[in-house]
Amino acid sequence: MSIEAKEEFRPKIVAFCCNWCSYAGADLAGSSRLGYPADVKIIRVPCSCRVNPMFILRAFEKGADGVIMCGCHPGDCHYSTGNYYARRRMTLLFSMLDYIGVENGRTRVEWVSAAEGVKFSTTMNEFVEKIHSLGKNVRLGDLRCRN
Amino acid sequence: MYKIAKENLTALFRLIAGAQELYLPVKTAEQVNFGVWSEDAEVDLDTLKSVKSPKDAFFPQSENLYTCRKDGKKISIEPEALKEQNFVIFGMKACDVRGVEVLDKVFLADPIDTFYAARRDHGTIVAMACHEPEESCFCKVFGIDCAEPAADVATWMVSDQLYWKPLTEKGEALTKTVESVLEAADDADEKKVEEEQSAIRGIVEKLPYSNLSLEGWNGDVLTEKFDSALWEELYKPCLACGTCTFVCPTCQCYDIKDYDTGHGVQRYRCWDSCMYSDFTMMAHGNNRTSQMQRFRQRFMHKLVYFPANNDGMYSCVGCGRCVEKCPAALNIVKVIKAFEKQGGEKA
Amino acid sequence: MQRIGVFVCHCGSNIAATVDVKKVAEMALLEPGVVHAEDYQYMCSEAGQEKIIEAIREKNLTGVVVCSCSPRMHETTFRKAAEKAGLNPYMVEIANIREHCSWIHKDMEEATKKAVILTRAAIAKVNLNTPLKPGESRVTKRALVIGGGIAGIQTALDIADAGYEVDIVEREPSIGGRMSQLDKTFPTLDCSACILTPKMVEASAHEKINIYTYSEVEKVSGFVGDFTVDIRKKARYVDMDKCTGCGVCQEKCPSKKAPSEFNRGLNTRSAIYTPFAQAIPNVPVIDTNSCIKFKTGKCGVCSKVCQAGAIDYTQKDEIVSQKYGAIVVATGFDTIKLDNYDEYAYSQSKDVITSLELERIMNAAGPTKGHLERLSDGKAPKEMVFIQCVGSRCADDRGKPYCSKICCMYTAKHAMLIRDKYPDVNVTVFYIDVRTPGKNFDEFYRRAVEQYGVNYIKGQVGKVIPQPNGKLLVQGSDLLDNRQILKEADMVVLATAIEPNEGVRKIATMLTASIDTNNFLTEAHAKLRPVESPTAGIFLSGVCQGPKDIPETVAQAGAAAVKAIGLLAKDKLLTNPCTAQSDELLCNGCSTCANVCPYGAISYEEKEINDHGIRETRRIAVVNSALCQGCGACTVTCPSGAMDLQGFSNRQILAEVDAICR
Amino acid sequence: MQELIKRAKELLENGTVARVLGWKAGDLPYNPEPAYFDSTESLADFVYNGFCGANLSKYMIEASKLEGKTLVCLKPCDTYSFNQLLKEHRIDRDKAYVIGVGCKGKLDIERIRKMGIKGIEQISGAEMEDEADTLTVSTIYGEKSCKYADAMLERCHVCKGKEHQVYDELIGESKETKDADRFAEVARIETMTPEEKFAFFQKELSKCIRCNACRNVCPACSCRKCVFDSNKFDSAQKANVDSFEEKMFHIIRAFHVAGRCTDCGECSRVCPQGIPLHLFNRKFIKDIDEFYGEYQAGMDINAQSPLTDFTFDDVEPGIVGERG
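Chains A, B, C and D are the protein sequences, given in the same order.
Numbered continuously in our numbering, the first sequence closes out at residue 147.
Numbered continuously in our numbering, the second sequence closes out at residue 494.
Numbered continuously in our numbering, the third sequence closes out at residue 1156.
Numbered continuously in our numbering, the fourth sequence closes out at residue 1480.
Just so you know, the hints here were simulated from the structure itself, not pulled from any lab data.
Heads up, a few of these hints could be off.
[Said to hold, decoys possible] Restricting the straight-line Cα-Cα distance to at most 20 angstroms, the calculated cross-link-like pairs of lysine to any residue (SDA-like) are:
# : chain 1 : residue 1 : chain 2 : residue 2
1 : A       : K119      : C       : Q535
2 : B       : K383      : B       : H269
3 : C       : K713      : A       : R10
[Said to hold, decoys possible] Derived DEER-like restraints, expressed as beta-carbon distance ranges:
# : chain 1 : residue 1 : chain 2 : residue 2 : range
4 : B       : G432      : D       : E1285     : 45 to 53 angstroms
5 : B       : A376      : D       : D1445     : 24 to 32 angstroms
6 : B       : T427      : C       : P625      : 42 to 50 angstroms
7 : D       : I1217     : B       : A455      : 57 to 65 angstroms
8 : D       : D1337     : B       : E177      : 18 to 26 angstroms
9 : D       : E1285     : B       : R161      : 51 to 59 angstroms
Just so you know, even glycine gets a beta-carbon here, dropped at the ideal spot from N, CA and C.
So that you can see chain A by itself, here it is in the shape it has in the complex (with noise of 0.2 angstroms):
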């Protein structure tokens, strides 16, 4: 057995999350001591709104396992109506995502407001325990970054 069959996987994850409340909850979960995998990498963004299925493609492509959208909880946005936008964007790609193949659990939204830093830590937690159960991505990254 080779030494890299044996190492443990580590997933990588992107974590694109509004400036205003998913970015803050994760502050608030960092204040409060609420660990999560350090696999999870954040991504600040002013606005769910402004996250791109181009970037989450990009990360799939480069070799990312698993992306989760976090934003304002509808109703909440800082800017009134991004969050959804966002919504109907990333449910018709998730769909498609799953449409074409790629498991369904790689991609997620949750909505996470300032004060929940809790719901940002147990989301993270699960998050990375689904990519663990669904064990490195291959149907949606481009070959050449693998090495």
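Fit chains B, C and D to the supplied structure of chain A, relying on the hints for placement.
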């Protein structure tokens, strides 16, 4: 000459593939294209034309040139290895074989394209005569005889037999490796092949495009053709897609691009199309700013520029793929005819 | 190529204890564009900032990455430092290696690895940053206060005293809010009305304050400094200008069966009414649900008796549109509904009441004229039981997870007042914990126990069972003595949890202010910006932000006022330069972006374009950067990628993605 | 067809229109090409028959920039695209004179070839005037025939209907050709296991040669510069190197036209590799219909497109997993 029963072809393919790579027409999701043979590949020798020409075997749609790896501040460069294994490409048609000759003129001329040259060195072409040519074919116009393909090995499929005739040293060498599954052909067989050839030639005569005239198309008519007002009309339906160029056996333009792998860069080349708006885009902008210019470029290149630089050899082989595949029903035949008509009107 | 400096903060041990900061700096140096990297104890300190400034100057840095706490914390600090050194502040990016790394990971190696990656992403972004310049927007020198309780009144007074116009919008017919319903206040036991009414009068008389009662906020648009608010003035059916407040209409009104909202439904009021005697304005409203004229078309007594001719049955709701620079939310609270707490028999017995109902019973203007009596039979109680934490500190979703904060103190107050006025009444309080932090609070509670002999039992009540004899059997436990208690009581008072007023979520949505799952408005920072909403120009006053008592509410009201004044004092605001921009060469002019813009910031113009030699007139999108707030909705809806967001551009975000995934 | 030519001549002559956008007879029986005719004489080459599948609405983007009005011949399904382009301000209604032409279903030469018919010399039965439901094909290899319906483009079997959504006048009869459910194939794929779905699309997309025919023919894909040609997202690609790029291209293309795609079927018609590209667009259409209510792009020019719209209680993205 040798022969092999159609039902034994799998044994032949298995034998070839045991020693080297074997490319041949394979049907995937309803479409026939050249692909690598495997036990479960659906080989299709009946479809006349593969969607893409088999030029990929020598000039792939995309190929890596070298890889840069970054380790901290250290960068190492790894050139892509040249093709080192022999391979066989089975089932090419006479037009496609001519297509390779066109590519040779480009890639084997100085400076030699080493990637291409390596593939040419290691590739053996087994061509196949066209049993039933179709209405979009016009290879005859370019002096190609689809009944007698000029490759390393020529083959004919006559009812249930494939006849196999090595024509070159490479062809002989390949034949040696597969002799065990081939039978020697006798005079009766030779006769059958001749009959097949004359049948094919008879059909070719009847094809609607076979009498297309190339008169007035050569290396000397550059400005006359270039300045023609006809282009302005002809290009109009063109959607600026690259279908014609990508199914063409002779189109040889490519772009060189870099791909960021995250830990370095892969420099690769990929087919490009003169129909694309960013073709030969340079720092100052674009050489050709309108679709008319781009459209004109493709046909001028095939019928004027290329013959001007290659002893009168056209870089169209009359395979007719563009005739069948253009989304707007445009093609080189229509262009040739339009000029012919105009010439006729003038005279 | 940028020349980037990376500054890794130890944050004392906050970061350095779990992240190998030296390693982070060392690894950063390997990234493209990085020419300088260092670590330091406290990057945000004066000395730390000086290090950044020095490096920018000495190494000609064009970009800065600070690996530290959340950008929500110190982004501004570091941007200002960069500006001091002559660097455009928007060339600074933060890698959040504290909240998102050191504080949540325990393993040093793992945390360091992650910190390196987060730093890498920030560097990748800075490599694509471009200098940005904020624009300017004007400030309307007028504030809106939503809610006319003590919080709203105090905020309005403070803002008005600073010389700015203030409008108060109050949903009820009078300002005064919850405090006007209280009898006495802890810990001084002074009369609530006596301290509130002067404030109400002061507000109504203040030349800078304009009060819209019986009104609601209908629509909010705009942004900090320049909000436009539509206020619905509900029809009172009484002309405010003509009415003298004589009260004859209320006396003569034949419909007197409507439950009094002010007295929590414990008694009734007339259909035309002012909620209470000291109401401001002292102008009644007609409740069309109980008014005979409105229900049957007959009656019209009030109109007949009104000497001033102020009754106008044809009045319609009116929408007033007004511009404001700042908005203060002071929407207050209510007690929760007790539907989930059937075991306390609130719905079964009139003698089980909430504390707020007790306030009304104890009040001289209340339904019993201030006599403590059972509402079922009017008898004086002998045995009273108070149950604490009804709906507060609730683990399941029957009630609220939070502590309502004021209950321990008002129960002590009630117990004390009852024992003082009716020494023969026994008072027992069942509690989980008694929480009395606050000046003179614990002393107050101890007086109740020691001086007034109130019987405090640590333990919860499981059930209140109305008995055939009219008494209430209280089943509880005494956790200290570890025994079950069965007690017959004449009255049971429930310290009912408080919750933000109904409708606050709707207001939060209109204001695009954050709100939490309990419907409390979220503050911009729990500690450092407790009276500001994360939405610029929106301030929080009173219980809408979290449970608090009167002195805290008044203090917060003042703080919110100061924040609002700080905003109104400015003539111009610098606008966020992270706005959308359209690349006119790529724009299709399709209008899709304008369809998703919440601010109407995108318009179209016909413009002569030179697209690589092709000259033509094209319809292209133009962003008004004063209106654009930088959400980015347009950037994703634009298929050609013509629309991009400065500071969060497509390529910047993709670079971050790449850096993280590699 | 004669009526159409007659009317076109009239309109050219009386100056109502400066040119006619229609189809010109090809040199083979099945390859008429989109063409402009700017004189009554040139209309001699005008043709309108079963092989005029090309959707001319996209050509109106360029035609809108020309002097004078352009008479454009639009089949019922093309009018949806025309409306959608109007909605997006890409074409000028005042520059177009729309003649809604009748349609009896358009033919797919690839389907005819798939039946083993080759060496085609003549095809009869494809004219608008022909009543027969059979095509007779004379070939070098003898006379062949096939049912008209069997030779129709996939899109005609799921036709949106005979009604033109926009026109200045109508010429010619249309025929109901719908005989299949347009979402049946999508629904079939939806019931597959992830492995099967992946294998299905991997196989189809592996044929993609990135010729961009689907994109360039698409009336919704009319960006001045496509993201796959621009450096805005670092997404400029010319050929697929890795199979990811095929997926990226087709998913993003479908996403960019989601809510705007009228399901005109041109992408599938022109794909040289016969990739059923409509399966991407129809997936989005089906989802949009199911999640947000039925929506047909190009039908109501004032309707808010589903991706620039929302309701407060839209389904959550989690629905994808819940639906199974």
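Verification of the hints:
1. A:K119 to C:Q535: Given pair K119 (chain A), Q535 (chain C) is violated - Cα atoms ~32 angstroms apart, limit 20 angstroms.
2. B:K383 to B:H269: Roughly 43 angstroms separates the two Cα atoms, so the pair is violated.
3. C:K713 to A:R10: With Cα atoms ~49 angstroms apart, K713 (chain C) and R10 (chain A) exceed 20 angstroms; violated.
4. B:G432 to D:E1285: 45 to 53 angstroms: Roughly 50 angstroms apart at Cβ, these two residues keep to the hinted range, so it holds.
5. B:A376 to D:D1445: 24 to 32 angstroms: Cβ of A376 (chain B) to Cβ of D1445 (chain D): about 50 angstroms, so the range 24 to 32 angstroms is violated.
6. B:T427 to C:P625: 42 to 50 angstroms: violated (34 angstroms)
7. D:I1217 to B:A455: 57 to 65 angstroms: violated (37 angstroms)
8. D:D1337 to B:E177: 18 to 26 angstroms: The hint (18 to 26 angstroms, Cβ to Cβ) holds, given that D1337 (chain D) and E177 (chain B) are roughly 21 angstroms apart.
9. D:E1285 to B:R161: 51 to 59 angstroms: holds (55 angstroms)
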